[in-house]
Each structure stands twice: as C-alpha cells, then as structure tokens.
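2 protein chains.
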Amino acid sequence: MKKIINDPANVVDEMVQGLVRSYPDYLTRIDGTEAVYRTDIAKIKGKVGIVSGGGSGHEPTHAGFVGQGMLSAAVCGEVFTSPTPDQIFEAIKKVDSGAGVFLVIKNYSGDVMNFEMAKDMADMENIKVKSIVVDDDIAVENSTYTQGRRGVAGTLFMHKVLGSAADQGASLDEIEALAQKVLPNIKTIAVALSGATVPEVGKPGFTLADDEIEYGVGIHGEPGYRREKLQKSKDLVEELVGKLNEEFKFADGDHYAVLVNGMGATPLMEEYIFMNDVLNKLASLKVKVDFTKVGNLMTSLDMAGVSLTLFKLDSDELLDRLNYKVDTIAW
Amino acid sequence: MKKIINDPANVVDEMVQGLVRSYPDYLTRIDGTEAVYRTDIAKIKGKVGIVSGGGSGHEPTHAGFVGQGMLSAAVCGEVFTSPTPDQIFEAIKKVDSGAGVFLVIKNYSGDVMNFEMAKDMADMENIKVKSIVVDDDIAVENSTYTQGRRGVAGTLFMHKVLGSAADQGASLDEIEALAQKVLPNIKTIAVALSGATVPEVGKPGFTLADDEIEYGVGIHGEPGYRREKLQKSKDLVEELVGKLNEEFKFADGDHYAVLVNGMGATPLMEEYIFMNDVLNKLASLKVKVDFTKVGNLMTSLDMAGVSLTLFKLDSDELLDRLNYKVDTIAW
Chain A
993 MKKIINDPAN VVDEMVQGLV RSYPDYLTRI DGTEAVYRTD IAKIKGKVGI
1043 VSGGGSGHEP THAGFVGQGM LSAAVCGEVF TSPTPDQIFE AIKKVDSGAG
1093 VFLVIKNYSG DVMNFEMAKD MADMENIKVK SIVVDDDIAV ENSTYTQGRR
1143 GVAGTLFMHK VLGSAADQGA SLDEIEALAQ KVLPNIKTIA VALSGATVPE
1193 VGKPGFTLAD DEIEYGVGIH GEPGYRREKL QKSKDLVEEL VGKLNEEFKF
1243 ADGDHYAVLV NGMGATPLME EYIFMNDVLN KLASLKVKVD FTKVGNLMTS
1293 LDMAGVSLTL FKLDSDELLD RLNYKVDTIA W
Chain B
993 MKKIINDPAN VVDEMVQGLV RSYPDYLTRI DGTEAVYRTD IAKIKGKVGI
1043 VSGGGSGHEP THAGFVGQGM LSAAVCGEVF TSPTPDQIFE AIKKVDSGAG
1093 VFLVIKNYSG DVMNFEMAKD MADMENIKVK SIVVDDDIAV ENSTYTQGRR
1143 GVAGTLFMHK VLGSAADQGA SLDEIEALAQ KVLPNIKTIA VALSGATVPE
1193 VGKPGFTLAD DEIEYGVGIH GEPGYRREKL QKSKDLVEEL VGKLNEEFKF
1243 ADGDHYAVLV NGMGATPLME EYIFMNDVLN KLASLKVKVD FTKVGNLMTS
1293 LDMAGVSLTL FKLDSDELLD RLNYKVDTIA W
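Note that the protein sequences, when read in sequence, are chains A and B.
Numbering-wise (this note's numbering), the first sequence opens with residue 993 and increments by one.
Numbering-wise (this note's numbering), the second sequence opens with residue 993 and increments by one.
With the rest of the complex left out, here is chain A (with noise of 0.2 Å):
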C-alpha cells in the first residue's frame, strides 16, 4: 500500500482536521465527531438543514458540499463505513432552528439503520427529521452491503435539488414531496478499471488483469456485472447508456443532466473523452442534455474508472434548481 498518511486508523480524523483548517470560512467541525457543517450556519436560521454523510473514503463527498445552496452539514464515517448514529444526530442537532432537519441517505444497510437511529433521537427531542433513502445504482439487485440498489454519485443530484428548495425556505414537507419526485427520476451506472485499498486493510478490495474491467462496480468496490477486456471510451458509453437506456426508455425529446464522475484514479483528460461519447450517443437517440457536469466528486479512493449519472429533468424547475448558484469547496 502506497499512501500519504501517517496512520491508518487514523485517517478520517486527520482528513477532517485538514479539511476544516483548510476551509475554515467553509466547514466547522463539531467537537468531539466526524461531523463538519456550515461555518456561516446562522444563515440558515428558520430554514431547513439538509444533512448527508456516509463512510469515508469518496472525497469531496460528503463534506466538500456542505455550504449554501447544498448540505448544512456532513458526517464522516470511518473508510467505507457508516457514521455512528450518536453522531449523525449530532449533526442534526447543530443544524435544526425549528424547520426541522432533512436526511439523504446512500442506500447501505450500515448507513440506512444509523440514519435510522438518529432521527429516533431526535424525535426524542423534538425535532421534525425526514429522510429520503437514494438508490440510483442501476447495475445490481442487492449487493455486498446493500437491500436493493446502491445509491451512489446520483445523490449529488440530490443534494444539488434539495439544497437549493431549503435555500429558498422550503417547508420540510416540501423537500420531502420533492425529494421523492426526484429520487426515480436518477440512475447511475459505473465501469472500474481497478481496485481501490482502503489503508486499514492495506491491498485493493478486487484486482482486474492489465487489459480487465468491470462492468457495474460499486463504490466500496462491491461487485459488478460483468468483466472483460477494455473498451474504447465509445464502447463503454455504449455499454452503460444501453443499461440505463433500459430503465429510462429514453423519447424522443427527453430532457436529461448528465454527470460524469471519475472514482479517484482516473484523470479529467479521460473523463472529458467518455463525456464526450456520451453526448454523441444521447444525441444520436435524440435526448436533450440542459446540463452537464465532470468531476471527481464521489470517489472511491485510489479506484481508477468512471460513473455516469443521467437524472431526467421532467421540469423547468429541476434544471433551475440545477443551475442555482451554490458556494461550497468542491460543486
């Protein structure tokens, strides 16, 4: 194992500290936790907070979104493990000024029960928790960690809308009905040219041959669909727009946002090509893309490949809500 740390059980600790001296203006850590929210929190006053989080290990998710316009906060779990539900709950408490505290959760059975148990605390406490649970993976049925799908880089989108409809002082219910118009609406699927090693455990979590990849990867590296030998970008666009062609059954017509997201490894030049495919292919089917974005944002540590994200934009408003402007460190 080759990385710049100093100790592997005590990664996260040190990356949130780094983080948040980093971008003091941006992020605050709660004492005591893995929790970071909004340093200019009084600005949320009255509105809902949104809060996200999950294992460590995807930066700049969760953390890297939190600021206006998105999440009021994030909790940090250790490497690809869920965060306690004491501190999850935490977070919730920093962020509630009476409107209540909204909830996105990856769908994993660690996350989904520890998000779970802090909104029964809270609603010891009385404050008003919803939650919505993503699951835009479309490659599996159930998985290593996971009943049902994974939810994955789709939950930025999710992020994105819900930030926005809480800027503007959305009702807790509100974000709720529109978290759930959403919530089908986003469908990821993934391609893996390598493993990525958690430093805990020191070797890769899966090991492809030079010339291998794998269809469908979650990820904390959970298995896909299929192996074979490496594509040209346009045959891996194929391939994945094909799968989520399946789900969507894609008219003539159709609106869509289209995110390409690099799981760690893998540059920007290659993330660039395939998102170059991708609108040669929508195009080619007649799909209209309002918005488009790349990046390595929800990584998968050292993990090399790639994840594409189409989220159906069935109104003017979720593509504003898209566009609205945000200031965070890393959208």
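None of these hints come from the bench; they were simulated from the model.
A portion of the hints provided could be inaccurate.
Since the list gives no way to pick one copy over another, a pair counts as held whenever it fits inside one copy or between any two copies.
Claimed, not checked - Derived PhoX-like pairs: lysine-lysine, alpha-carbon spacing no greater than 25 Å straight-line:
1) K1317 <-> K1035
2) K1195 <-> K994
3) K1085 <-> K994
4) K1273 <-> K1304
5) K1195 <-> K1120
6) K1195 <-> K1221
7) K994 <-> K1235
8) K994 <-> K1173
9) K994 <-> K1226
10) K1221 <-> K1241
Add chain B to chain A, keeping to what the hints say.
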C-alpha cells in the same frame, strides 16, 4: 496501458471537445485549434486579456481556470507538449480588445520558445503583448525539458493574482509589474509515488518500487533529487517544508498562502492529511497561513503524489487577490 480513451493520437482533440460541450457557458473553442476562451469574452472588452497554456495532461490546468477573474483563454498542446505558436497567436487575437494581452508561461524550453514566437506574431499585428515565465519548482536547476527551474503548480497563484488585476481593469504595464513582484514569492516542491503514462507512449515515464518515492519530480515525470522508501505524511512534510525554508528562510510572523496539489491519482483524503501536517509544521515555525487550497489542480495524468506550493504574502493586496471572487469550472 489502461485508459478510457478511443485513439491515443486523438486524446487532446476529443478532450477539448468534451470540455467545451460540458461547459458551454464557460468555454468556447477557437475553430481549428485546441485553444479555448471565455464564452463571456464580451465582458473583458477594454481590459487586458490573460492567456496561459502548455502541454495537455495537467487538467484541470489550464482550461479549468478560464473565466471571470482568472484566464481569458487557454491553449492546450498535445500531451506534455507545448502548443504551437499559431494556436497561441489565435488565442491572443481572440482575447485582445485593445488593452493588450499578458502571457503566463511555465518555464519549459518548448513553451518559452513557442509563446515568444506567438508574441512576435502579435507584435507584427500591433497587438501589445507582455509575459512572465514562471519557474517556481525549487527541486532542481535545469531539467529534461527546461533551462533553469521548472514551472509547476505555483503558476496557478500567478493566474489568480493577475486575473483579479485584469478583471479590475489594471493596465498591461501594471499587470507586468505585479507579475514580476509576485514571481520570486512563489515556490513549489513535489513528491511522486508513481509515474504518469502518456497515451501515445503506453507505459509510465518512470517507475518506482512498491515502497519507493521520489522527491522533486516534475509534472512531466522529470527526475527529482532523491529516491527513498515511502515515509509517513509528516516526514514527507518535514522534507518538503525544509527545502522551501532553505529558499524562503521563514521569519517569525511571515504570512503565506499554501497550495497542496494532487498529481492526479492521489485521493483527496491523502491531500487533506498532508495539508494537516503542513499546517502543523508551519505553525511550529511560527509562519502565519492566511490562505489554503487543496485539490487536484495541476496534475500529471495518472501520476500519484502531491506538490506543495508556498506563496509569500508580503502585502495585503496579494491576499485580497487570492480571495477575489472568480467564476471558473475548476478554481
């Protein structure tokens, strides 16, 4: 070689295409070139244009920093290869609106020669052009492609400072004076954990043993000054800050900006841990840190490693310029 590409000979063209299609509101391609300019170019009317560029493979540098408050245009060469004088000249013509154009050149022999030729071409058409050659890498004197010291990630601080001045309407002479004042204040040094693979070459430019690092490597894989076994983050910091101290000779109460830049394949988690150690070390030396930035900003394809840039802030103006609001896809 495991890359998401189509044809190794065509990666830059397809990358630029993907880039401008992903961010049409920010970037427009100059027809027939691999140069991009601000889509809102009308906004710089009467102001000095700032142009930078160089070999591709360093994304998001330089195109990612084109936008209000930073660069007016960026010229993308082939991978690790200087852009041609005619393409640089096209960018100069595109962004000149009478106030002249300032070129920010990283110190590589090919870049210096080609940007100077483009300047001569502009002179012949009576476009006022001035320039600065950034040579912030303190690791070695002279290198594979360089006379003197190499230009690396500290160049981004130059873009940031000059971009804000241009946005505020500074004259070409004022921008030149500012560039010359800032140049000796910016110094960088890197450590690599692995080499980068140029698509047309197909194998890494250098290789390191599983437990080996190299100090002082350049952004094209140029040799550094020492190889040794992988150290802990805080020991890497000890070495790199020590080298920077030999240059700056830190004095109690000095103010600095700090950039921790990932080389491409290094996860943000490690960069934040490294930054945490840098801030600890600088605090122990009684150096004041007023500005911090962490991210994969000037990469070297899929190289693993980080660079550390210090920028001595010897006036309040420089800090204000770093904090000046910009609108780009990557700052």
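Here is how each hint holds up against the structure:
In this assembly of identical chains, K1317 and K1035 lie within 25 Å of each other by CA distance both inside one copy and across copies; the values are 15 Å within and 20 Å between. For a Cα distance limit of 25 Å, the shortest separation of K1195 from K994 qualifies both inside one copy, at 10 Å, and across copies, at 19 Å. Taking the closest pair of Cα atoms, K1085 and K994 never come within 25 Å of each other, the shortest separation being 38 Å inside a single copy and 46 Å across copies. Taking CA atoms no more than 25 Å apart as the test, K1273 paired with K1304 passes inside one copy only; the shortest distance there is 16 Å, against 48 Å between copies.
In this assembly of identical chains, K1195 and K1120 lie within 25 Å of each other by CA distance neither inside one copy nor across copies; the values are 42 Å within and 56 Å between. For the homomeric pair K1195 and K1221, the shortest alpha-carbon distances inside one copy (23 Å) and between copies (18 Å) are both at most 25 Å. Taking the shortest Cα distances, K994 and K1235 sit within 25 Å of each other only across copies (23 Å), while inside one copy they are farther apart (35 Å). With identical chains, the CA atoms of K994 and K1173 are never at most 25 Å apart, being 43 Å at best within one copy and 39 Å at best between copies.
Within a single copy, K994 and K1226 get their C-alpha atoms only as close as 32 Å, which misses the 25 Å cut-off; across copies the closest is 15 Å, which meets it. When the C-alpha separation of K1221 and K1241 is checked against a cutoff of 25 Å, the pair qualifies neither within a copy, at 28 Å, nor between copies, at 53 Å.
Hint check: violations occur at hints 3, 5, 8 and 10; the rest are consistent with the structure.
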